[in-house]
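2 protein chains.
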Amino acid sequence: MTTPKYWWEDFQPGTVLRTGSYEVTKEEILEFARRYDPQRFHVDEEAAKQTMFGGLIASGWMTGSISMRLMCDAYLLDSASLGSPGMESLKWLKPVRPGDVLTLRVTVLEARPMGSKPDVGLALSRMETLNQREEVVMQMEAWGMYRRHSPGA
Amino acid sequence: MTTPKYWWEDFQPGTVLRTGSYEVTKEEILEFARRYDPQRFHVDEEAAKQTMFGGLIASGWMTGSISMRLMCDAYLLDSASLGSPGMESLKWLKPVRPGDVLTLRVTVLEARPMGSKPDVGLALSRMETLNQREEVVMQMEAWGMYRRHSPGA
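One line per chain: the protein sequences are A and B, in this order. The opening position of the first sequence corresponds to residue 120 in the working numbering, with each subsequent residue numbered one higher. The opening position of the second sequence corresponds to residue 120 in the working numbering, with each subsequent residue numbered one higher.
Everything labelled a hint here was simulated from the structure, so no lab data went into it. All values derive from a computational prediction rather than experimental measurement. Check the hints yourself; a few may be wrong.
Since copy identity is lost for identical chains, a pair holds within one copy or between any two.
[What the hints assert, rightly or not] No farther apart than 20 Å at their CA atoms in a straight line, the calculated lysine-lysine pairs in the PhoX-like style are these:
| id | residue 1 | residue 2 |
| --- | --- | --- |
| 1 | LYS210 | LYS236 |
| 2 | LYS124 | LYS210 |
| 3 | LYS168 | LYS145 |
| 4 | LYS168 | LYS213 |
| 5 | LYS213 | LYS236 |
| 6 | LYS213 | LYS124 |
From just these sequences and the hints, can you work out the full model?
Right, here's the structure in full:
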């Protein structure tokens with residue numbers, strides 16, 4: 120493994136970053152939903168028109184997965200990430216539709232060393248997934264674990 | 120649309136149900152991760168051995184997506200579900216590895232009519248994703264929205 124560019128020390132409260140973007144296609148909405156979330160508003164274009172959503176929308180799990188990919192490409196793959204223990208909350212606020220272009224705004228809220236592992240630190244971030252109209256379609260508060268560059272410093 | 124079998128009234132606090140099962144393969148772990156979560160412990164079998172996980176593990180988003188599928192097949196596709204506004208919490212507690220067989224235990228914690236829409240009700244459920252050793256690998260507390268069978272009753 121190459122030396123990480125970002126360590127726990129780089130995720131301090133107040134840090135804000137913006138990722139690249141990802142275009143959502145009808146084909147990907149259908150493919151994902153057929154496999155993991157075959158509710159009619161995700162898999163059936165005609166039936167979706169009769170629902171409260173008024174048309175096909177992406178599975179919330181797909182929106183989360185795309186958000187994960189945006190994080191990976193923006194900084195996570197270059198970091199000393201050790202995965203995530205979980206989330207404090209997740210809100211699906213607006214439908215994601217074919218043609219939407221998603222991007223992510225990450226704001227670090229809290230950071231602390233891990234009590235049980237002195238070479239690891241935790242960071243809590245607000246992750247806002249935005250569409251091309253800058254509307255927040257999904258919001259998470261999620262923990263990340265990272266190795267520390269200078270444990271005990 | 121056919122008449123739903125389950126309505127909001129069927130998700131009352133104390134209701135417990137168990138879904139079918141889903142076998143996780145190495146191929147699916149790799150395929151999902153290459154697309155959505157290409158961290159080395161999800162996409163590189165050899166590199167994963169050198170991490171704290173000791174081998175390839177599934178993306179947490181894949182475990183969530185599989186849990187969604189188990190819900191769909193067990194009851195959601197036969198219900199008056201209107202989607203989910205979000206989750207109160209999500210914890211990834213144990214790694215999911217190739218060959219694991221996952222199932223879901225759903226416990227309804229809370230149910231209330233929706234203030235703004237009298238024909239809709241909300242239910243908060245604890246969703247525990249278990250492996251073949253009955254270990255909880257993921258736990259969510261998630262809200263579901265359902266149409267009410269007898270609004271105002």
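Out of the numbered hints, which ones does the structure contradict? Those not satisfied are hints 2 and 6.
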